[in-house]
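If you're matching them up, the sequences are chains E and Y in order.
Going by our numbering, the final residue of the first sequence carries number 320, and the count climbs one at a time with no gaps.
Going by our numbering, the final residue of the second sequence carries number 320, and the count climbs one at a time with no gaps.
Check each hint, because a few of them may be wrong.
Copies of the same chain look alike in the list, so a pair counts if it works inside one copy or between any two.
Each computed DSS-like pair below joins lysine-lysine, with the alpha-carbon atoms no more than 30 angstroms apart [stated by the list, open to error]: (1) Lys297 with Lys117; (2) Lys111 with Lys268; (3) Lys273 with Lys96; (4) Lys96 with Lys73; (5) Lys273 with Lys111; (6) Lys96 with Lys297; (7) Lys117 with Lys273; (8) Lys199 with Lys73; (9) Lys220 with Lys73; (10) Lys111 with Lys228; (11) Lys273 with Lys297.
Since the hints were derived computationally from the structure, they do not count as laboratory data.
Protein chains: 2
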Amino acid sequence: MFAARLEDFQAAAARIAGDAARTPLLPAGITATGREIRLKAENLQPLGSFKIRAGANAVAMLGESLKGAVATASAGNFAQGLALAARRRKLQLTVHAPDNAARVKLEAAVKLGARIVEHPFADWWRILSTRQTGADDGAFIHPVAEVGVMLGNGTIGLELAADWPELDTVVVPYGGGGLISGIALALRALGRKVRIVACEIETAAALSAAFAAKEPVRIERKPSFVDGIGSSFVLPEMWPLVSRLVDDVVVVSLSEAEAAVKTLAVKHHLVAEGAGAVAYAAAHSDRCGGKHVAAVISGGNIDPGILGAILARN
Amino acid sequence: MFAARLEDFQAAAARIAGDAARTPLLPAGITATGREIRLKAENLQPLGSFKIRAGANAVAMLGESLKGAVATASAGNFAQGLALAARRRKLQLTVHAPDNAARVKLEAAVKLGARIVEHPFADWWRILSTRQTGADDGAFIHPVAEVGVMLGNGTIGLELAADWPELDTVVVPYGGGGLISGIALALRALGRKVRIVACEIETAAALSAAFAAKEPVRIERKPSFVDGIGSSFVLPEMWPLVSRLVDDVVVVSLSEAEAAVKTLAVKHHLVAEGAGAVAYAAAHSDRCGGKHVAAVISGGNIDPGILGAILARN
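Same shape as in the complex, but just chain E (with noise of 0.2 angstroms):
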């Protein structure tokens, strides 16, 4: 298993510093039952998520080794993270992306500069599983169960514990298991004893699913929008990770999650994407627990269409 030094944490802090935000953490106050609840607000770093840490910290890692290219397997979200930071690095990216791929966001890292190579889904899958492009476009960075990628997402969980000494839970929304990994990884660094939450949307709950087999397990996974998390299945070789360090899985459902959305707009003034409002939704709910309890806003990339629908809903 990973197993990650405080001093790692600290380094990747240090090597994202130019490219990302230390974003706030926000109060929300105080639920009916007492708990107090504050958020991460990863929506405001550079291009709208904390994908950019991992991405930094990835690209920083591998140094001059990586001899002016890079390569990754993603549908969108983490290549616009690794594409900022490669060109900033002045580094040829070659994003493998699945065909079904949402356009915006290939688009979105084409315009950062980056190369798409497009897979039908299955043979997307294998280059994710195996690191193999079948090309010689550089350095594989896996967009999830990479040292760099956890080291970067682990830097959010060195700011929560600075940020809050009376932190004891933490909320994070469940996609690939990266962002979740590395927080649960840097709090143990500390010595902190932090609860670590999963949130899951109820159409596309993989990890409680699997938690309850006790493995991962194929579920049925239905589209909404809540897209930057969810999947059919959780990816085996961070399963051995996930299930010793997550205390607990959250799932929340789409009414809940849309609630949310409206909410951290009016109320906190917040855009989230679905995958930051389940975290809130989540954090709020009492089937969560913990008196101070942390919510990771993941990421505020969502259609502005599908947030103006909701703002004029009751």
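Go by the hints and put chain Y onto chain E.
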């Protein structure tokens, strides 16, 4: 003229630390003409606007001399900030409001424990001008032309100076003049040469008219969704101060303000009210000038329906 020393602002910053947040200064890109823009996100304050700074500082400065009661004249925004600060210090707040004030803002103050007394507009304006409420309801704190208010607002200037050594221009929404004066005086006290740019909405540009006439003149004010700034007349007691402190005024159109609301939400993931969006629009305008420009996003309290409608439009 009110002259504050640096230590007065520093004392205010210490005084409000438990009430107000130290808000982030967020990078917002570089314009086509090479001007770097950053956003002072006062919409992330408790209650969603900068007003908590002034309210908290004003009541904390008066301290024990208050004898349990305090009064103000406000149409709602300042009343909320003052109400929160007063409640924390167990002070009874009486808010004298014009009878055309927005219900929702007065109700928010009531929820925070304030008592509301409504007056016909002319009577209310007399209270605002004379500070005589006609009742023995505690020390009167003026929402704008008050030392404690300007010192509280000035803490924004201290934070801007600390966070951005290269800052050369700050753009501030012009309502009553207390926000821009506080920020300008704090930057002067620090010895920082920063251009002070006021911004207004085209439908209520009283300051721009006053600069043209070299004295406050009455203008026609059309109501719009930009309800936090703009009046029909520059407060005469603020004119000597603002006419010396303000270097320039940028007037923004309603369509520019709407576009700024949308861009702030979609690109920067911040919900801003009209006044805050006006600062964003003005900072991006070539009419503003400067190379390192901070826009004060003064608040985030926009009607969800209005925000939804703006997001739904192209």
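> Given a CA cutoff of 30 angstroms, do lysine 111 and lysine 268 count as a within-copy pair, a between-copy pair, both, or neither?
Replying inline: both (23 angstroms within a copy, 19 angstroms between copies)
* Asked: Within a copy, between copies, both or neither: where do lysine 117 and lysine 273 come within 30 angstroms Cα-Cα?
  -> The answer is between: 15 angstroms across copies meets 30 angstroms, while 34 angstroms in one copy does not.
Problem - Intra- versus inter-subunit Cα pairing at 30 angstroms for lysine 96 with lysine 297 - result: So lysine 96 and lysine 297 pass the 30 angstroms test across copies only (26 angstroms; inside, 46 angstroms).
Report task. Up to 30 angstroms between alpha-carbons, please classify lysine 273 paired with lysine 111: within, between, both or neither. Result -> This pair counts as both: shortest intra-copy Cα distance 28 angstroms, inter-copy 14 angstroms.
From the Cα coordinates, with 30 angstroms as the cut-off, is the pair lysine 273 and lysine 96 best called within, between, both, or neither? between (41 angstroms within a copy, 25 angstroms between copies)
task: Pop the pair lysine 220 and lysine 73 into one bin, within, between, both or neither, using alpha-carbon distances up to 30 angstroms.
output: neither (42 angstroms within a copy, 64 angstroms between copies)
| Checking lysine 96 and lysine 73: alpha-carbon separation at most 30 angstroms within a copy, between copies, both or neither? | This pair counts as within: shortest intra-copy Cα distance 10 angstroms, inter-copy 65 angstroms.
Review point. Should lysine 297 paired with lysine 117 be assigned to within, between, both, or neither, using CA atoms and 30 angstroms as the limit?
Key: For lysine 297 and lysine 117, the Cα distance is within 30 angstroms only across copies (25 angstroms; inside one copy 43 angstroms).
- Item | Alpha-carbon proximity context of lysine 273 and lysine 297, limit 30 angstroms | within (21 angstroms within a copy, 33 angstroms between copies)
- Query: When no copy is specified for lysine 199 and lysine 73, does a C-alpha distance of 30 angstroms or less occur within a copy, between copies, both, or neither?
  - Reply: Neither way: lysine 199 and lysine 73 sit 41 angstroms apart in one copy and 45 angstroms across, limit 30 angstroms.
Item to complete: Check lysine 111 against lysine 228 for me: Cα-Cα at most 30 angstroms, and say if that holds within a copy, between copies, both or neither.
Response: Classified as within: same-chain Cα gap 20 angstroms, cross-chain 41 angstroms, threshold 30 angstroms.
In the structure shown, a violation is registered for the earlier hints numbered 8, 9, in ascending order.
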